[in-house]
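Enquirer: Chain A: place on chain C using the hints.
Chains C and A, in that order, are what the protein sequence lines are. Just so you know, the first sequence maps onto residues 1 to 351 in this note's numbering. Just so you know, the second sequence maps onto residues 1 to 504 in this note's numbering.
Since the hints were derived computationally from the structure, they do not count as laboratory data. Yeah, the Cβ is synthetic: ideal placement off N, Cα and C, and Gly gets one too. Hints may contain errors.
[Stated by the list, open to error] Only some residues are given here: those of chain A computed to face chain C with a beta carbon under 8 Å: (1) G296; (2) A309; (3) T346; (4) L350; (5) E357; (6) V361; (7) S365; (8) M369; (9) F372; (10) R415.
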Amino acid sequence: MSRLTKSRLFWPIIALVVLLLFNAVFTKNFFSIQIIDNHLYGNIIDILKNVAPLALLAIGMTLVIATGGIDISVGSVVAISGAIACSIIDGRIGSFNNTLLFALIFALLSGIICGIWNGILVAKIKIQPVVATLILMTAGRGIAQLITKGKIVTINSASMVNEYYFIGAGYLLGLPFALFIVLIVLLIVLAFIKRTAFGLFLESLGTNNRSSHLAGIQVDKLKLITYIISGFMAALAGILISSNIKGADCNNAGLFIELDAILAVAIGGNSLNGGRFSVGSSVIGALVIQCLTTTVYALGVPPQTISLVKAIVIITICLFQSNKFREAIFGRFNYFKKSKDLLVKKGAQIS
Amino acid sequence: MTAKPLLTMRKIYKVFPGVKALSDVDFTLRSGEIHALLGENGAGKSTLIKVLTGVEKLDSGQIELSGEEIRTKSPKHAQELGISTVYQEVNLCANLSVAENIFIGREPKKNGMIDWKTINSRTKKLLNKLNIDIDVTQTLSHYSVAVQQMVAIARAIDVEAKVLILDEPTSSLDATECEKLFNVMNQLKSEGMGIVFVTHFLDQVYAVSDRITILRNGELVGEFLAAELPKLELISKMIGKGYDVLSETIKNTDNDQDIEKQVYLRADKVLSIGNIKEFTLDVKKSEVLGLAGLLGSGRSETARVIFGADKVSSGTLYIKGEKVNLGKPLDAIKKGIAYCPEDRKTDAILGNLSIRENIIVALQSKEGMFKFIGRKKQEEIADYYIKLLQIKTPNREQLIKNLSGGNQQKVILARWLATHPELLILDEPTRGIDIGTKAEIQQLVVELAHGEMAVIFISSEMDEMLRCCTRMAVFSEKQKLGELEGDEISEQKIMKMIAGGNER
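Next up, chain C with everything else stripped away, as it sits in the complex (with noise of 0.2 Å):
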């Protein structure tokens, strides 16, 4: 038991079942799943393929954050690859002949330059973590409207538009597809940590910068390979999200989506300080959240309220994390016991 309580994905487990009984116990059918049109119907079904995206920033994060850095730039990131993908497949830039694959390509090639971007920014020329990534992050924008024209493209009467909604919209096997995107990006991220000394580097870089140095880790090296990653999963989700509405707004795709990412990873127990982290339990942290936002919405929370419900949750989930808190409560609950049994003995003698 105790080695289970210790484990990672203990307490971001609990908070994501915590959720669903609840869930279970007041929305109204929550857990029915229907079939139409061939596929699976359903709340949870609608949670799988919502939270991809935000999975697929928070695996990237993680490892941005185990060596102690932080990637802001990710919702940015979302909107230019999102912007290039569209307007391939819509024809306004370049003429491929296979325009899905080329767009794809192009969409997923733009965020790993952004990735080296970042990367250079904060591994070669030191700048801070916070800093570097916010020069892409308020220029991104800025990109992706230059990409557009500073129009929405909407891909409606592109003859590409029904491969591409599949991505993002489509299912398989009765599931949805992108939820398979997420499973195989996870386990060749998990295979990468695993089978190779990645993940030890990580940690130890992310533990003590100068003795991972000293110990011949590529400490500069590294951390360039993690803002690749990252920039790379924010350029899949950017074209997840863009299928999903067949189209890309630049202003809107992937606003704020970073400060989600990255508390995804804070909800998976992961330090915001480097050294020790889970990609699976920060991938659970996602589906916590995108929980969340699904069951507010199917408890018809008036929808100015929502943000205030998700952060007293989000506080709560955070708070049970910490041992000291757990300690603090459940001693003040011992020590209302032990006065109780006091009360209850003094009430004895009176009487």
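Expert: Here is chain A on its own, set in the frame of chain C:
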């Protein structure tokens, strides 16, 4: 010695998961005395102090200060009661000024504003009392570790302390600085303060202490008057058995002669701007080469250049006659060089990682990221070195930060031995380590050199250097002065070289 007890601790118990850190320990401190608290690593000195200063909660026992029972809740609470502590690692804010550091959290105010004039003048006065005359408005990082240590002490004694605890205050001080510190300690003692002095340097114990309390394995060995306890007896009480290992020479003298030892590494007119002036140095196989000199003399810098941690500005490094270019530590590691840095805490240990991971990391980076060493192999390697170096730990998954200093150092040694180096550079490998472990490490160094390995050994302790090294390069002021070999090596010769500049 009829001074009345200022502080008494009775029947102190403290258990950490799996370890009995303190069991039935008594400690008495009288006002106006300097009381040395001695013991090997893991004997319970630090725990006793932590319990006293409120860093750790005691499980059971009684603490009385000036006749009143106290139970310290936090370091701040302890300080309010009059118990001040200066820790081994200076824990001040390096980016604040000296004066700010001393008054942080209790700044004198005038009209609601911080009264900088008073702060600066009082700091100046305070430091003058310790015979230090520096610009107190400069940031702390501007000054040497020794001065920082003095500032920490100044801060501790300015808060109306009755009890002053000095936890390894001298480990980064040179001889004259120590002398200064001892004067200050004696002065405070004459003012009626009780001082607890924790150290590994036994000579210093005898230089200033009135009484000695010895702990071993979390238990009290006894309290003694310093004047009545001979050093050898003290050592045997600390380790629990007779001990003469440290008085012998262990270096290899037999293979000094005849055979011309093979040169492993040659630094030819190497210069690293800002670190070390041009030097030429041969490192030979099967020998322990000592780099002697005072702190900051350039001995560590030389090691860092050879390891690729600092850039070579001009000159050439040859390994086995082949010209090499070491741009980063990894290049050196791949060539078979290993380096245990001077500052264990900031440059060597990976605090939040396990012993296994700490041991495996250098080998893994030598092999490359994609040649992953499997979990089972990792465990085998870790277990092998835990056994070989007798690292005291419940298991290999223990976090390294939970180990005592000596055991941490052994883990770092294991990390490098696991890479099977041809040249092992040890920079202060025995600093802050108890005598037993010290002897083990020295023995190991000599044994390693008995094999094929070349060893570079750096230490501030002359005794240790004399015991282990067969050849010595002497440094001063970031410059190599010369070399001594075989019978030439003696403390006097080295001192003379350092004092007299370049003449031999």
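Enquirer: A separate judgement is required for each hint: does it hold in the structure or not?
Expert: Hint by hint, here is what the structure shows:
1. G296: 19 Å, violated
2. A309: 6 Å, holds
3. T346: 6 Å, holds
4. L350: Given a least distance of 5 Å, the restraint on A/L350 holds.
5. E357: At 6 Å from the nearest chain C Cβ, A/E357 passes the 8 Å test, so the hint holds.
6. V361: Given a least distance of 5 Å, the restraint on A/V361 holds.
7. S365: 4 Å, holds
8. M369: For A/M369, the interface hint holds, since the closest Cβ of chain C sits about 5 Å away, which is under 8 Å.
9. F372: Holds. Min distance 5 Å.
10. R415: Status holds, d = 7 Å.
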